[in-house]
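K.L.:
The primary structure of each chain is shown beneath.
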Amino acid sequence: MPTEIELYQLSLVLFSAGALLALIVGKPFKGLSLVLSSTFSILASFAAVWSSILTISQNSHFRLTVPLQIPLGMTHLSIDSLSAFFTLIIAGLAIPVSIYSVGYLKAEYLDKPVGVLGALYNLFLLSMILVVSAGDGFLFLLFWECMTILSFACVVFDTKSLESQKAGFIYLLMTHVGSAFLILLFIILSLYSGSFSFESFHHLGEKIPEGLRFVLFLFALIGFGTKAGIVPLHIWLPEAHPAAPSHISALMSGVMVKTAVYGFLRCTFDFLAPVPFWWGMLVVGIAMATAFLGIIYASVEDDLKRLLAYSSIENMGIILLPIGLSMVFYSLGENALSSLALIAGLFHTLNHAVFKGLMFLGAGSILSVTHTRNLDRLGGLIKSMPRTALFFLIGALAISALPPLNGFLSEWLIFQSMLLSFNVQSQAVQIIVPICAAILGLIGAIAAMTFVKAFSMAFLALPRSHHAKHAHEVSFSMQAGMLLLAFLCVVLGITPFITLPHIAAISQVLTGTVQHPQIAFLANGVIQVGDKGFASLSTWTLFFLLLGFIPFVVMLPRLLGVKTPSRREWTWSCGVTPSPEFEYTPAGFSQPLEVVFSKLHTPDDIYHKYIYLPAIRLVMWASHGMNPIQSGSLQLYLAYIFVTLILCIMWVR
Amino acid sequence: MIETLPTTLKIIVFQVGMMLLLSPLINSLMKKMKAQLQGRQGPPLMQGYYDLWKYFRKETVFSEQVSWIFWATPWIVFAATLVASLIVPTFFHTAALHYLGGIVLLLYLFGLGRFFMVAAAIEPGSGFCGMASSREMMLAALIEPVMLLALFVFSLMAQSTNLSAIMIWLSGQGLALVSPAYIVAFLALFVVSIAEMGRIPFDNPETHYELTMIHEGMLLEYSGKPLGLMFWSAWTKQLIVLSLLANFIPPWEMVNLSSSQSVLTAICLYLAKLLLMCGCVVLIETTIAKIRLFRVKDLLGASFVMAVIALVLSVYQIGGVSK
Chain A
1 MPTEIELYQL SLVLFSAGAL LALIVGKPFK GLSLVLSSTF SILASFAAVW SSILTISQNS
61 HFRLTVPLQI PLGMTHLSID SLSAFFTLII AGLAIPVSIY SVGYLKAEYL DKPVGVLGAL
121 YNLFLLSMIL VVSAGDGFLF LLFWECMTIL SFACVVFDTK SLESQKAGFI YLLMTHVGSA
181 FLILLFIILS LYSGSFSFES FHHLGEKIPE GLRFVLFLFA LIGFGTKAGI VPLHIWLPEA
241 HPAAPSHISA LMSGVMVKTA VYGFLRCTFD FLAPVPFWWG MLVVGIAMAT AFLGIIYASV
301 EDDLKRLLAY SSIENMGIIL LPIGLSMVFY SLGENALSSL ALIAGLFHTL NHAVFKGLMF
361 LGAGSILSVT HTRNLDRLGG LIKSMPRTAL FFLIGALAIS ALPPLNGFLS EWLIFQSMLL
421 SFNVQSQAVQ IIVPICAAIL GLIGAIAAMT FVKAFSMAFL ALPRSHHAKH AHEVSFSMQA
481 GMLLLAFLCV VLGITPFITL PHIAAISQVL TGTVQHPQIA FLANGVIQVG DKGFASLSTW
541 TLFFLLLGFI PFVVMLPRLL GVKTPSRREW TWSCGVTPSP EFEYTPAGFS QPLEVVFSKL
601 HTPDDIYHKY IYLPAIRLVM WASHGMNPIQ SGSLQLYLAY IFVTLILCIM WVR
Chain B
654 MIETLPTTLK IIVFQVGMML LLSPLINSLM KKMKAQLQGR QGPPLMQGYY DLWKYFRKET
714 VFSEQVSWIF WATPWIVFAA TLVASLIVPT FFHTAALHYL GGIVLLLYLF GLGRFFMVAA
774 AIEPGSGFCG MASSREMMLA ALIEPVMLLA LFVFSLMAQS TNLSAIMIWL SGQGLALVSP
834 AYIVAFLALF VVSIAEMGRI PFDNPETHYE LTMIHEGMLL EYSGKPLGLM FWSAWTKQLI
894 VLSLLANFIP PWEMVNLSSS QSVLTAICLY LAKLLLMCGC VVLIETTIAK IRLFRVKDLL
954 GASFVMAVIA LVLSVYQIGG VSK
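Going line by line, the protein sequences match chains A and B.
Going by my numbering, the letters in the first sequence line up with residues 1 to 653, in that order.
Going by my numbering, the letters in the second sequence line up with residues 654 to 976, in that order.
Mixed in with the good hints there might be a few duds.
[To be verified] For lysine-lysine, the following BS3-like pairs were computed, each having C-alpha atoms within a straight-line distance of at most 25 Å: (1) A:LYS563 to B:LYS707; (2) B:LYS950 to A:LYS599; (3) B:LYS711 to A:LYS563; (4) A:LYS563 to A:LYS599.
[To be verified] Sample of chain B residues facing chain A (criterion: CB under 7 Å; computed from the structure): (5) LYS685; (6) LYS687; (7) SER720; (8) GLY783; (9) GLN826.
[Stated by the list, open to error] Non-contacting residues of chain A with respect to chain B, defined by C-beta distances greater than 12 Å in every case (computed): (10) VAL13; (11) GLU594; (12) HIS601; (13) TYR612.
If you are wondering where the hints come from, they were derived from the structure by calculation, not from laboratory data.
These numbers come from a predicted model, not from an experiment.
All C-beta atoms, glycine included, are put in the ideal place defined by N, C-alpha and C.
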């Protein structure tokens, strides 16, 4: 029985081997390199998943030294149950995506350097796993940068498309702005602790003065927020995620944004703890704004992948919401509630990776068959791609948080943790949080609208273009990848008693609480939340009732009526042959909601106008102001050196 | 406490049967009341049953363009509505399957049915159905926050989101519970329930003009048995929402299941409250005109503000029972 440490090291080795082999074999044997990179990534991910499950179930914590000497000590990897959870999400999504990529790359990218893409893919996964396993600030930043550059390379892989190049540029720029803040954060933390290691950062917030602590918190928020895509730092996400190859988009939306959540959790609960009340409320406010604006922008999109990217922004808001709540509850001393909220946030992180990955793979399938992402050019695909349609439908139902799938379960948990705020002594919390819960309901309903539109316009009714009319089902490996994720959506939704206890253990470690979080698992698969039975949900019974009623419903009319014939006719369209022109368009479908929220859909981009363009102008003005320094005169440069030397000598003395 | 399997099955059969049998009658009753108010005779009270009988004997015509989603939707919608009927308390304060879920599950089960109805309406590719489905989603988006907040105010008072637990808590209270917070929250719930049931002033359940129909528009392409099922599930959903409203009207009494007289009183009380709610809804339907589509957000927004006021009143415990 291999230990988790051996499995972890095995997965690191396998990822690297896969990258290397894909690169070597890439030029001569394209098909082989494709299969090699996918196989190695599947094996490596499998080892990583097994290692994470062992680590989480045993609640262990192991270190691996990395032989790199840096100024303040040796670097090492440190994997505890939180790191293992995120490794589980990353590697867990990588398995279906790798299976999918075999067919997808064969269909789409065989004329491009597939070996390079396979190597990039393996290294990207490796860097993400190393980011969440880093044991000190230096390694964290190093792997963060690797992750960024590798995903940038994937985004601009399609070198012929101008949009991809521009998207990659914005992505690189925004992420580096964020990374600058992260570098500052870790340097200042290391000044106070004497070393870069995360163990020395533990509960460092107690030693740092109040004002500086808030500044560090802001640095963490901006640094991780740029990667996570919170408003107003989200402008790169809708450009970059659609531009990458679809299986990489699935990984970027599904797990790369989650590494930012990991970093944020580490900083707030581990390093800067204890957090004051109003930081938590700030995070809740930002999360609500992100979620709301994200889904509003998604609802009016016609480009399927941009719609999914905006929906990722919305879900990042939904993930940050219980995390912020957890901070609020922790600051008010309600440790059990704090763990409950954190359980909800972590569970939604897992679920979002699963269903967002599924949706992006579905979008990739549509793209590879119809060569378009525009919903206005799709339609009728359910007849030609029935299985893809079924998997996409399950993904859409899961994102819209409809029972009995996993999205419903995590949103239910988020609702209950928000409503349990009545227990809290602060009246501000008792008023603001239920209103936020109601707005979460609004966001969920708009998400349902967005995804019923995405599904219906892409798959139902008559095809709106030539390519859609001549579509065909995708290859077996692409279907297998999507099937695996759809199956996970269902299973995660009906078996909370398997996943939630382990997530509860992780959240208890983070909040440092010994109290049992207020969640109990009774017989019949009932989960009970709150100490006096505040809420209960029985996922098993729900699932079997929904399935069980269907035969009853089918039989009921037959019992009450007689057997009547049924026939097919063309839809009545006022005597004209039905054609796609009579159908409702995607833009038309979302128009009523667009009118309701018309104040939010301004003609000019408010983020560019009020935030980014002024910032750019400021930087340009400062740069121009500094121009005279470079005068070109040798005497002036010598004078600079002389003055600097005098100042240095004065300082050292 | 979770009952054994045979008891659970009996309870499920009873609750579902009762809801299914009662819902066409309630719908016909509302039509009859409306007709009487308008000075007409109106259709007979049994008309709902006659209609179902008719639909289950008619031929079903499907469009050439639809896929399995179209004919699976009536089954899914009906199943979701039946599961929803199991969590709402009727005459007894504990619903049939009280542990199944609470407020959030109820609303999201309706959402499940709605998702499939909308998808199935887009399938035939006719403009009317598409228009109805887009309007339905807009209405649904605006209904959710109001309904959630209004019910959350009650759940904050009762300290539970489980509808049966709320009812048990209500049964123990007297009339002193009816505080300003309670009344305002109930009003907000009432307004949004009319929207959820798809009645005037939000949607007209008796018209088939494209400018005025939302729910009816989505049913346009159905015929025969599927249409019967869709109507029956709409009526059952209406009964569920009416029961939910009826639960919040005083007086409340503890029901003793072993004493048949207590059960009889409870049933009569429940029917009387249902009648009262039907009467209010019909009165509004007869006196107020259907509002313009884009005015719906104003009405629901006002209702949301009412729910917020109720929340603030309840948090600051202005009048009424303390927690």
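K.L.:
Each hint: holds or not?
P.N.:
Each hint, compared with the structure:
Annotation: proposed proximity of LYS563 (chain A) to LYS707 (chain B) holds, straight-line Cα distance about 13 Å (limit 25 Å). Of the supplied pair hints, the one linking LYS950 (chain B) and LYS599 (chain A) holds, its CA atoms being roughly 14 Å apart against a limit of 25 Å. Between the alpha carbons of LYS711 (chain B) and LYS563 (chain A) the distance comes to roughly 9 Å, so the proposed pair stays at or under 25 Å and holds. In summary, the hint linking LYS563 (chain A) to LYS599 (chain A) is not supported, as the alpha carbons are separated by about 54 Å, beyond the 25 Å threshold.
Hint status for LYS685 (chain B): violated, given a least beta-carbon distance of 23 Å to chain A, over 7 Å. Nearest Cβ of chain A to the Cβ of LYS687 (chain B): about 27 Å, over the 7 Å cut. The hint is violated. Against a cut-off of 7 Å between C-beta atoms, the interface hint on SER720 (chain B) holds, since the closest Cβ of chain A lies about 5 Å away. A cut of 7 Å between beta carbons decides the hint on GLY783 (chain B): the least distance to chain A is about 3 Å, and the hint holds.
The interface hint given for GLN826 (chain B) is violated, since its Cβ lies 17 Å from the closest Cβ of chain A, which is over the 7 Å cut-off. Annotated as non-interface, VAL13 (chain A) keeps its C-beta farther than 12 Å from every C-beta of chain B; the closest such distance is 45 Å. With a closest Cβ-Cβ approach of about 9 Å to chain B, GLU594 (chain A) is found to fall inside the 12 Å limit, against its non-interface label. At roughly 15 Å, the least C-beta separation between HIS601 (chain A) and chain B is larger than 12 Å, which holds for a residue marked as non-interface.
In this structure TYR612 (chain A) is separated from chain B by more than 12 Å, as the shortest Cβ-Cβ distance comes to about 30 Å.
Of the numbered hints listed earlier, those contradicted by the structure are 4, 5, 6, 9 and 11.
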